[in-house]
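There are 2 protein chains.
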Amino acid sequence: MYFARLCCCVCTSLLLVGLAHKNFTRMCCASVPLGLHSVEGVWPLPQSITSSPERYPLNPQAFYFTYGSQSAAQEGCSVLDEAFKRYFSLIFPDYSSGRFYSEVKFLKCKNEVRFKVLLNLNVVVVQSDYTLSVSAGQASLKAETVWGALRGDYSICKIYLKSTDFPRFQFRGILLDTSRHYLPVQAILKTLDAMAFSKFNVFHWHIVDDPSFPYQSRTFPDLSAKGAFHPMTHIYTQSDVGRVISFARMRGIRVLPEFDSPGHTQSWGKGQSDLLTPCYSGSSPSGTFGPVNPILPSTYKFMATLFKEVSSVFPDSYIHLGGDEVNFSCWKSNPDVRAFMLKMGFGADFTKLEAYYMENIVNITVALNRTSIVWQDVFDYHERIPKDTVLHIWKGLPASYAAELSAITKAGYRVLLAAPWYINHISYGQDWRNYYTVQPLNFSGTEEQKKLVIGGEVCMWGEYVDATNLTPRLWPRASAAAERLWSDEKQTSDVDKAFPRLQDFRCELLRRGIQAEPLFVGHCKHEYQGV
Amino acid sequence: MYFARLCCCVCTSLLLVGLAHKNFTRMCCASVPLGLHSVEGVWPLPQSITSSPERYPLNPQAFYFTYGSQSAAQEGCSVLDEAFKRYFSLIFPDYSSGRFYSEVKFLKCKNEVRFKVLLNLNVVVVQSDYTLSVSAGQASLKAETVWGALRGDYSICKIYLKSTDFPRFQFRGILLDTSRHYLPVQAILKTLDAMAFSKFNVFHWHIVDDPSFPYQSRTFPDLSAKGAFHPMTHIYTQSDVGRVISFARMRGIRVLPEFDSPGHTQSWGKGQSDLLTPCYSGSSPSGTFGPVNPILPSTYKFMATLFKEVSSVFPDSYIHLGGDEVNFSCWKSNPDVRAFMLKMGFGADFTKLEAYYMENIVNITVALNRTSIVWQDVFDYHERIPKDTVLHIWKGLPASYAAELSAITKAGYRVLLAAPWYINHISYGQDWRNYYTVQPLNFSGTEEQKKLVIGGEVCMWGEYVDATNLTPRLWPRASAAAERLWSDEKQTSDVDKAFPRLQDFRCELLRRGIQAEPLFVGHCKHEYQGV
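So the sequences go chain by chain: L and Y. Under numbering that gives the first Met the number 0, the first sequence has 151 at position 152, and the numbering climbs by one with no breaks. Under numbering that gives the first Met the number 0, the second sequence has 393 at position 394, and the numbering climbs by one with no breaks.
Here chain L stands alone, though its shape is the one from the complex (with noise of 0.2 Å):
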């Protein structure tokens, strides 16, 4: 599982998991009713949480972040170091721009108090939760597990005086397509940012396909001079692909690189000959390509190489290979390939020769000490794949994903679900709804089998996205399955209350710079001006 590799003060994604996603939301300036659904600009809700009435004033230079005596992680650990900078940021915003000096020496706050957060990190915490709780007078607030995090303001800010919390779901992630159009990297940082804010922990970077080949390989450059939109201006050069990693780490989040194949491979014939298989019409070649050619050696030795490279650039232990959407008419067109079926005792039946590359595939990613993800199409059509490959759900309405839930937690596989959050599908109105009404658990199974449920993720595919809409279409419509995948079921189980307690984030969201698009009617504090 993601967390095992977790030790005592090394600094690692892993443990960002808990920082990012637990850091936010925890303070905020207002003056609402309590209560769990009133509680504003906090999303996800935290399992468990109780506020005080009361408000403090924070002053930006009585405030700081710093490390317990008996915590594990101490200064000089980056990723905490990087984020008490980002946090303090966010907490005192005109501090940083220098225009507070001034304005802070006429802020006359009569409770002013001095305000310190310690952090003290066990050794043996592996698991993701953490608590969070307010003494008054000091006001020193002490996470006693994990991270305890801050926001609020300079001015009179409500304090939570206790919140425990922890993920329903360790597996909640995002996917970008950079195929179907290309996205700068600017963009996909600045999803990674709004990432953090929702507590998403993985970023599926579903970073080739069909229409093209953006990523700049060591080993085969040709893949991305020929597969890309252009050669220089649409490709993930090494140092892009590092910069995404280090910047998703430094907020907690994976990155879960996908090369799918043997379909949705277009691009990649256009710089590696005889990969493609080639479509016949008749006799004779059509000039046409169809899926990744299986039957020749020299496939699984490229694959094998190109996945040798892909698990030392993507350092997580998960490897995204696709198999989905497999067009048989090119295999069958091919007279070599029809021979092989013979050879191979297959018969007519294409989906063993789907499974026959496939379990080449996984084995090469099993000898690369990488554990597999793939789209549920595998599993429907072949049940030997390793045990722990993850199977991915996509396909359909909600009663058939809770069969596909069904059956493929019922062989013993972990199953990650993404069927009922396709979020490029747009809709008039508020089809976040739809997002947060989803229930990942209900299907027929044993607890056992609902235990299998590893997460969910929210697919933003990229026909009609680019950089010009992704981010308000992906916000705060994701923040809706974030919730789902964070929270407690039943305390998250009524939309209507849920509503303006997402309408106070979305506005947070603006103030932290995601341009994340209105709910409904109304307005913010902090509007979007970007344009």
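It is worth saying that the hints were derived from the structure and are not from the lab. This one's a predicted model, so the numbers in the text were calculated from it and none came from an experiment. One or more hints might be untrue.
Pairs involving identical chains hold if they fit within one copy or between any two copies, as the list cannot separate such chains.
[To be verified] Taking lysine to aspartate or glutamate and the DMTMM-like style, the derived pairs with C-alpha atoms no more than 25 Å apart in a straight line are:
#1 Lys394 - Asp430
#2 Lys496 - Asp209
#3 Lys524 - Asp209
#4 Lys496 - Glu462
Based on the hints, put chain Y in the right spot on chain L.
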């Protein structure tokens, strides 16, 4: 009609109509096959165009706009002088940044020519048609009737040999709703910029409505002080409004203000007591308010004063008075209103009361020498409206708006079509095709009736739209309607042929800094980077 006020060398906003709507997209840097539908980036399609396969380099240091010696307008006409500056920067984007100076030295363009734009404005021209022609060799461009314009690059460019053009409809509008969400002035200006690129010429400013009253009135400052979302940050000052009008005028766009009543006025009631009708629960007031109170003389006194101010602030000859969706339940509940109904002999027919109200309001605008535009509801319940009133169709499906077009024009009224262009209604996929295939004149009626269709309007209602998503939701979807309103219907009847040209135009919008969303899978040379 709109162009009636045009006079010789006076530089009015009406003159600019021609300019902004004809100046653009005449020249572009490309090497596509010739033909009507392969004219890269030219949108909307001119009525007539022939182009040459030859390419000439454009040297910014030898390129200039100038007024023809016979032109009625000459240097000092601020609208044109400013337009020259703006267009020059668009043609040579790097030149104005200073970077170009060093680059140009290394540009060795063999066919470099001196390029000159001659503008001849004839006094008699009151139509907005124009002709561009280019002769080889000297490559001077002469625009005989109104203005010529250019778009290109500083490298090799295609030259259209001849283009004659005029709009199909005179009124090509976009409605923005600044009440359901406040739009910062910058967002409005950006929209005006983009509107000019698609040859829209009317900004219909639905400035107030139920949720908020952001217009800061000189005469009634409480309307925004109490009725805006925020009295300081969410208002349009007189200076803001002036800025919008002036910015629009420079781009050939008229600003049509709408102060919708008697319904859609909840926000008005906050700053103006006794304006709205008190609703009753049984025999006593319920504490809530309904539409504007039509029975009090003070109502009409207030409206006369407000519209006097509005007509002095907004120079356009039209004022939009709304008149849609009046809910009668509050009027029905009020005993004073019922007594008034009896006294007036209206019986129980509240549409008569509504008609009485609208008649009074229309008469106020007549007295101010303004022409009224009202939503179709006013025609539907009432036929005694002044003959020069324009009816605005917003309801229903194709069948029903065609019937309404037929009925209104049969009664001799001019009509404006908005119903098929409610662009705030989003759906997954290429819904621009629906906007493109509208046939505004496809209704049963005589040729005289068809002439009464003065144009159409794209409506962006604000329930789910603010500055975060306005631009990608408008563009290039609104451009589809723009071509329908500008170009010849027969030449633009094939939506599939229009697709690649609209894709090119969308890329050109990106290059000009408009955050226009993609139509489908693909890429642009200049992707949007501003996240």
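A quick look at each hint next to the structure:
1. Lys394 - Asp430: For Lys394 and Asp430, both the intra-copy (19 Å) and inter-copy (24 Å) Cα distances are at most 25 Å.
2. Lys496 - Asp209: So Lys496 and Asp209 pass the 25 Å test across copies only (24 Å; inside, 42 Å).
3. Lys524 - Asp209: Result: close only across copies, 19 Å inter versus 43 Å intra.
4. Lys496 - Glu462: between (34 Å within a copy, 20 Å between copies)
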